[in-house]
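Peer 1: Single-letter residue listing:
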Amino acid sequence: MTLDPVVMCGVECMKMCRFVCIVANQLKLETVAPYGKCLIAYYLRNEAIKGGKRTAEVIYQCATCGLCTEWCLPRVDVPEIVKDVRAKLLEKDVAPEATVELGERARSERNPYGEPHNKRLAALRKGKKNGKKKEGGVAYFVGCTSAYKQPSIAKATAEILEQAGDGFTLIDEEWCCGAPLLSTGHRELAAEHAKHNKEVIERSGCDIVVTSCAGCYMTLSRDYPKMGFPLKTRVLHLSQYLWKVIEEGKLEIRKTSREKDLKVTYHDPCHLGRHMGVYEEPRSVLNSFARVQLIEMEWSKRNSKCCGSGGGLQLNFPELSRKIGMERIREATATGAEILVTACPFCKNQLEGVSEGKIKVYDLSEFVAKHLKTLE
Amino acid sequence: MSERGAFWRNIVYEEIVGIVGQKNVYCDEADLLCYSRDAWQLTVPWIKGGGELPKPDFIVHPENAEQISEIVKLANRFRIPLIPFGGGAGVCGGTIPVHGGIVVDLKKMDRIVKVDHKSLLVTVQPGILGEVLERELNKMGYTLPHYPASMYCSTVGGFVACRSAGSLSSKYGKIEDMVAGMEVVIPTGEIIRIKPVPRSSTGPDLKQLFIGSEGTLGIITEVTLKIKHLPEERRFKAFIFKNLHSGIESVIKIFRKGVKPCVIRLYDYIDAQFTLKGKAEIPEGGSYLILGFDGSREIVDLEEKIATGICLEEGGVEVSRELAEHWWRHRYDMYYPDAFRSSYSIIADTVDVAAPYDKLEELYWTIKRTVEERNPGVTMMAHFSHFYEDGGSIYMIFFTQQQDHERAVKVYNSVWKDALEACLKVGGTISHHHGVGLVRAGWMHKEHGKAFDILKAIKRALDPNNIMNPGKLGL
Ligand SMILES: Cc1cc2nc3c(=O)[nH]c(=O)nc-3n(C[C@H](O)[C@H](O)[C@H](O)COP(=O)(O)OP(=O)(O)OC[C@H]3O[C@@H](n4cnc5c(N)ncnc54)[C@H](O)[C@@H]3O)c2cc1C
Ligand code: SF4
Ligand code: SF4
Chain H
1 MTLDPVVMCG VECMKMCRFV CIVANQLKLE TVAPYGKCLI AYYLRNEAIK GGKRTAEVIY
61 QCATCGLCTE WCLPRVDVPE IVKDVRAKLL EKDVAPEATV ELGERARSER NPYGEPHNKR
121 LAALRKGKKN GKKKEGGVAY FVGCTSAYKQ PSIAKATAEI LEQAGDGFTL IDEEWCCGAP
181 LLSTGHRELA AEHAKHNKEV IERSGCDIVV TSCAGCYMTL SRDYPKMGFP LKTRVLHLSQ
241 YLWKVIEEGK LEIRKTSREK DLKVTYHDPC HLGRHMGVYE EPRSVLNSFA RVQLIEMEWS
301 KRNSKCCGSG GGLQLNFPEL SRKIGMERIR EATATGAEIL VTACPFCKNQ LEGVSEGKIK
361 VYDLSEFVAK HLKTLE
Chain C
1 MSERGAFWRN IVYEEIVGIV GQKNVYCDEA DLLCYSRDAW QLTVPWIKGG GELPKPDFIV
61 HPENAEQISE IVKLANRFRI PLIPFGGGAG VCGGTIPVHG GIVVDLKKMD RIVKVDHKSL
121 LVTVQPGILG EVLERELNKM GYTLPHYPAS MYCSTVGGFV ACRSAGSLSS KYGKIEDMVA
181 GMEVVIPTGE IIRIKPVPRS STGPDLKQLF IGSEGTLGII TEVTLKIKHL PEERRFKAFI
241 FKNLHSGIES VIKIFRKGVK PCVIRLYDYI DAQFTLKGKA EIPEGGSYLI LGFDGSREIV
301 DLEEKIATGI CLEEGGVEVS RELAEHWWRH RYDMYYPDAF RSSYSIIADT VDVAAPYDKL
361 EELYWTIKRT VEERNPGVTM MAHFSHFYED GGSIYMIFFT QQQDHERAVK VYNSVWKDAL
421 EACLKVGGTI SHHHGVGLVR AGWMHKEHGK AFDILKAIKR ALDPNNIMNP GKLGL
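Chains as they are written, first to last, in the numbering used here: chain H, 1 to 376; chain C, 1 to 475.
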């Protein structure tokens with residue numbers, strides 16, 4: 001017989017991953033714990049409950065970080081269950097207001113922030129010498145957060161891509177990858193974005209598309225095929241691309257025998273680490289700098305705790321999201337590191353926002369661009 | 001309370017909000033449903049069969065003992081049941097709100113209040129999860145040597161309220177041996193403190209009245225626990241015996257020599273096969289013993305040597321210690337849902353009982369035979385999970401596959417009845433560590449005889465309006 005993960009988790013489980021859920025640990029409430037969400041999913045499916053605004057609130061109080069699945073022997077995919085239920089709640093018109101508005105913004109400006117679409121790549125284009133396409137080269141999928149909220153990441157990434165030798169191409173008419181749409185239940189809209197992006201990325205003629213954002217990387221490479229839009233272009237996250245060019249000797253980081261006097265800790269973005277299994281490349285890039293002493297946080301790699309911004313949490317529940325982020329900052333500072341590096345503009349945006357100056361926060365691109373010349 | 005209707009509910013709601021603030025009160029159906037159960041296995045076929053569970057009227061999240069005290073006073077005025085709630089991972093229905101009422105979720109009170117490095121005492125609020133506390137203690141080089149399999153989902157308050165037992169109980173005892181002091185909001189709303197002292201000769205030990213009271217005599221709002229330094233070493237050994245008897249005899253002799261293994265687990269033939277999964281040969285009717293030793297290296301060396309000698313003398317065959325280490329690393333695995341239990345109407349549960357050595361084997365055989373004879377299709381297996389100088393506990397596991405959920409519920413109830421009856425006939429206790437809740441509530445008078453009247457009198461004296469977790473503990 002086929003097993004039913006909703007029943008396994010919501011009805012049968014004895015709450016075995018209870019202590020790792022970042023949301024349940026903030027709200028201290030059974031309803032939002034992984035099994036609580038699945039129990040609600042079960043009752044909703046059986047139409048044993050109506051499912052109003054409060055039900056939706058609970059189902060949206062999940063970062064879709066997947067840490068529970070990591071602590072789950074039968075590996076119940078709680079994020080997928082949650083996303084399924086969200087899609088239904090959105091149809092029922094009970095989803096949080098901010099989620100509904102997100103859809104409206106994405107429909108009109110093709111990004112979740114509602115920023116003007118025509119400004120998306122303007123700054124990057126300006127500084128870029130060759131706007132023309134290069135067959136077989138590297139395309140840079142900038143992503144919404146780098147484009148609008150963290151332009152320094154886009155700039156740093158562009159610089160590194162230039163330095164790595166082959167230059168890069170910007171994608172005409174890039175839209176949001178669809179990650180925030182998928183995770184909040186806007187499935188049809190996400191599919192529209194996937195279809196569009198597949199076309200424009202493939203039209204660029206590049207062999208590789210590099211993303212800054214862990215969410216873009218996951219969506220382009222994992223979710224587009226599931227939605228029926230597999231990309232012919234190879235997708236790499238910047239951390240993977242960087243490690244590749246460093247190994248190939250295309251990006252040189254001078255190594256000296258200096259002391260390891262720069263204490264750095266690394267935050268694994270959920271979308272890059274747990275969801276895509278990319279743990280080593282960003283660490284290898286950081287370790288290429290002779291002075292970097294990489295110190296792991298208590299919860300890292302497979303067990304990394306979410307920054308609190310994913311799964312629409314920052315959008316729908318800013319205060320809760322902030323508290324989760326602050327928890328991660330506490331963990332980072334407890335390592336004694338002076339720098340916190342992550343490999344996702346969305347995580348960086350969140351962590352920087354809640355760091356209160358306690359630790360310097362960089363995206364990997366920024367760290368590399370800044371230190372390529374100054375640090376061996 | 002539910003039947004008193006919306007008007008009544010509105011009045012009570014406003015009062016609760018006045019005490020804890022609106023953000024700390026929940027009464028939507030989504031929340032009420034999630035608080036209508038614990039990890040009692042009976043709820044599984046019940047829910048799968050479409051059955052409803054009793055819902056509370058409100059869930060509150062107090063932030064301190066004073067707020068709890070106010071809630072208790074309010075509950076007295078309105079005669080509303082209060083159900084203390086920790087992790088909700090109890091397995092006896094202890095948090096199921098059979099009479100509706102207010103669930104008092106204690107997880108917002110989850111701080112480590114104080115660590116006394118000199119006396120090796122830690123004071124915590126009740127809502128801290130076991131694993132969270134242990135990790136924090138480990139960072140300081142300490143441990144609360146209390147490792148129940150519900151570490152990830154249960155709270156310290158729940159441990160204390162249920163008299164729980166961890167895997168290291170043979171050396172370190174159960175939670176009741178670790179509690180040094182506590183603060184309790186009693187059913188009339190007063191906050192009382194029982195100070196932590198090593199020993200005292202000032203009348204009966206009041207701590208022990210609240211330990212195991214399962215929320216019926218008050219709400220525990222702070223606990224001071226005895227902690228230890230992390231052991232220098234923990235080492236395991238594993239042996240196979242030709243039968244259960246020689247396994248138990250070995251354990252008795254180990255204790256008689258003054259050796260105190262931290263882990264002693266003896267599996268019967270069926271359970272051993274599940275546990276060993278073919279990694280070691282076991283003769284039919286044989287048993288499998290896991291021993292663990294911890295402390296300083298010299299002591300571990302010596303204890304291991306003596307215990308090994310005894311096991312070999314009793315005819316035990318030593319098998320790779322890796323098997324025991326594997327158990328230690330995977331000791332929580334059996335509690336996750338799996339394909340076997342998830343298939344249509346399999347129902348499984350554990351009946352934890354205990355007896356002195358003179359009755360221990362008889363207890364095992366009587367329960368097993370009675371249950372299997374009277375309930376065709378039911379298999380009962382066991383491991384003896386906690387041993388002491390004078391006796392031990394048996395973790396009797398039963399499982400059965402039935403045609404439908406309704407049938408599964410029927411068989412479930414029948415097995416429990418037969419198992420507890422058999423236990424009492426032999427003279428064992430009907431629970432070693434899971435507690436009473438609802439599943440054993442009807443058996444308390446048989447367990448205690450006339451002495452149960454004392455407990456009932458205490459309940460009446462402390463909780464005249466019967467607001468504290470009514471129906472649980474048979475009270
Ligand atoms: C997977 C799993 C494994 C388990 N393994 C073990 C084991 O190895 N050993 C063991 O002993 N038990 C075990 N149990 C049973 C259970 O976890 C324990 O009995 C535990 O003590 C319950 O704690 P909780 O916080 O979940 O309590 P809850 O389920 O929330 O409550 C249990 C009872 O205590 C009362 N209560 C809770 N907190 C307070 C408080 N602060 N003041 C007053 N009353 C309170 C409740 O009203 C209820 O009656 C296991 C359970 C599960 C699900
Ligand atoms: S995710 Fe897995 S471990 Fe967590 S509650 Fe669900 S089934 Fe249990
Ligand atoms: S995905 Fe993350 S936030 Fe969501 S239930 Fe699991 S652990 Fe909690």
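Everything labelled a hint here was simulated from the structure, so no lab data went into it.
Just to be clear, a hint being listed does not mean it is correct.
Dumping the calculated EDC-like pairs for lysine to aspartate or glutamate here, alpha-carbon to alpha-carbon at most 20 angstroms [as the list claims (entries may be wrong)]:
1) K139/C x E327/H
2) K23/C x E159/H
3) K88/H x E313/C
4) K55/C x E159/H
5) K28/H x E131/C
6) K28/H x D28/C
7) K260/C x E176/C
8) K108/C x E296/H
9) K92/H x E176/C
10) K253/C x D333/C
11) K53/H x E115/H
12) K456/C x D205/C
13) K23/C x E57/H
14) K244/H x E159/H
15) K410/C x E52/C
16) K323/H x E134/C
17) K28/H x E134/C
18) K53/H x E233/C
19) K149/H x E115/H
20) K250/H x E159/H
21) K108/C x E319/H
22) K171/C x E233/C
23) K279/C x E233/C
Listed next, the stretches of chain H that the computed footprint assigns to chain C, with coverage defined by at least 3 CB atoms under 8 angstroms from CB atoms of chain C [claimed, not checked]:
24) 16 to 30
25) 36 to 45
26) 53 to 65
Have a look at the derived ranges for each label pair, beta carbon to beta carbon [what the hints assert, rightly or not]:
27) L3/H x W328/C: 26 to 34 angstroms
28) K73/C x K263/H: 47 to 55 angstroms
29) F78/C x E80/H: 39 to 47 angstroms
30) R258/H x V197/C: 39 to 47 angstroms
31) V113/C x R302/H: 53 to 61 angstroms
32) E14/C x R45/H: 32 to 40 angstroms
Beta carbons are placed, not taken as given, at the ideal position from N, Cα and C, and that holds for glycine.
Peer 1: Each of the hints needs a verdict: does it hold here or not?
Peer 2: Against the structure, the hints:
With a CA separation close to 17 angstroms, the supplied pair K139/C and E327/H stays within the 20 angstroms bound. For the hint linking K23/C to E159/H, the alpha-carbon distance of about 48 angstroms lies beyond 20 angstroms, and the restraint is violated. Restraint check: the Cα-Cα separation between K88/H and E313/C comes to about 66 angstroms, which exceeds 20 angstroms; the hinted pair is violated. For the hint linking K55/C to E159/H, the alpha-carbon distance of about 60 angstroms lies beyond 20 angstroms, and the restraint is violated.
Proposed proximity of K28/H and E131/C is supported: the alpha carbons are some 15 angstroms apart, at most 20 angstroms. For the given pair, K28/H sits about 16 angstroms from D28/C by alpha-carbon distance, which is consistent with the 20 angstroms threshold. The straight-line distance between the Cα atoms of K260/C and E176/C is roughly 18 angstroms, inside the 20 angstroms bound, and the hint therefore holds. This hinted pair does not check out: K108/C and E296/H have alpha carbons roughly 29 angstroms apart, beyond 20 angstroms.
At most 20 angstroms may separate the alpha-carbon atoms for a hinted pair to count; K92/H and E176/C exceed this at roughly 51 angstroms. Taken as a hint, the K253/C and D333/C pair is broken in the structure, with Cα atoms around 31 angstroms apart against an allowance of 20 angstroms. With a CA separation close to 28 angstroms, the supplied pair K53/H and E115/H exceeds the 20 angstroms bound. At roughly 18 angstroms between alpha-carbon atoms, K456/C and D205/C fall within 20 angstroms of each other, so this suggested pair holds.
The hinted pair formed by K23/C and E57/H meets the criterion: a straight-line CA distance of about 14 angstroms does not exceed 20 angstroms. Among the hinted pairs, K244/H with E159/H is consistent with the structure: their alpha-carbon atoms are about 16 angstroms apart, no more than 20 angstroms. A hinted pair counts as satisfied when its Cα atoms are at most 20 angstroms apart, and K410/C with E52/C qualifies at roughly 16 angstroms. With a CA separation close to 23 angstroms, the supplied pair K323/H and E134/C exceeds the 20 angstroms bound.
Simply put, K28/H and E134/C have alpha-carbon atoms about 18 angstroms apart, close enough for the 20 angstroms limit, and the pair holds. Using a Cα cut-off of 20 angstroms, the hinted pair K53/H and E233/C is violated, with the two alpha carbons roughly 53 angstroms apart. Using a Cα cut-off of 20 angstroms, the hinted pair K149/H and E115/H holds, with the two alpha carbons roughly 10 angstroms apart. Distance restraint check for K250/H and E159/H: the Cα-Cα separation of roughly 14 angstroms lies within the 20 angstroms cut-off, and the hinted pair is therefore satisfied.
Distance restraint check for K108/C and E319/H: the Cα-Cα separation of roughly 17 angstroms lies within the 20 angstroms cut-off, and the hinted pair is therefore satisfied. For the given pair, K171/C sits about 14 angstroms from E233/C by alpha-carbon distance, which is consistent with the 20 angstroms threshold. With a C-alpha separation of about 25 angstroms, the suggested pairing of K279/C with E233/C is violated against the 20 angstroms cut-off. For a cut-off of 8 angstroms, the count of residues in the stretch 16 to 30 of chain H with a CB near a CB of chain C stands at 8, and the three-residue condition holds.
With a cut-off of 8 angstroms between beta carbons, the stretch 36 to 45 of chain H has 5 residues touching chain C; three or more are needed, and the interface restraint holds. Coverage of the stretch 53 to 65 of chain H by chain C holds in this model, with 3 residues showing a Cβ closer than 8 angstroms to a Cβ of that chain against a need of three. Between L3/H and W328/C the beta carbons are some 28 angstroms apart, a value that agrees with the proposed interval 26 to 34 angstroms. For the pair K73/C and K263/H, the beta carbons lie near 53 angstroms from each other, so the given range of 47 to 55 angstroms is met.
The hint said 39 to 47 angstroms for the Cβ distance between F78/C and E80/H, and at roughly 44 angstroms that hint holds. Judged by the Cβ atoms, the range 39 to 47 angstroms given for R258/H and V197/C is violated: they are separated by roughly 57 angstroms. A C-beta distance of roughly 32 angstroms is found between V113/C and R302/H, which places it outside the suggested range of 53 to 61 angstroms. Roughly 35 angstroms separates the CB atoms of E14/C and R45/H, a value that falls within the hinted 32 to 40 angstroms.
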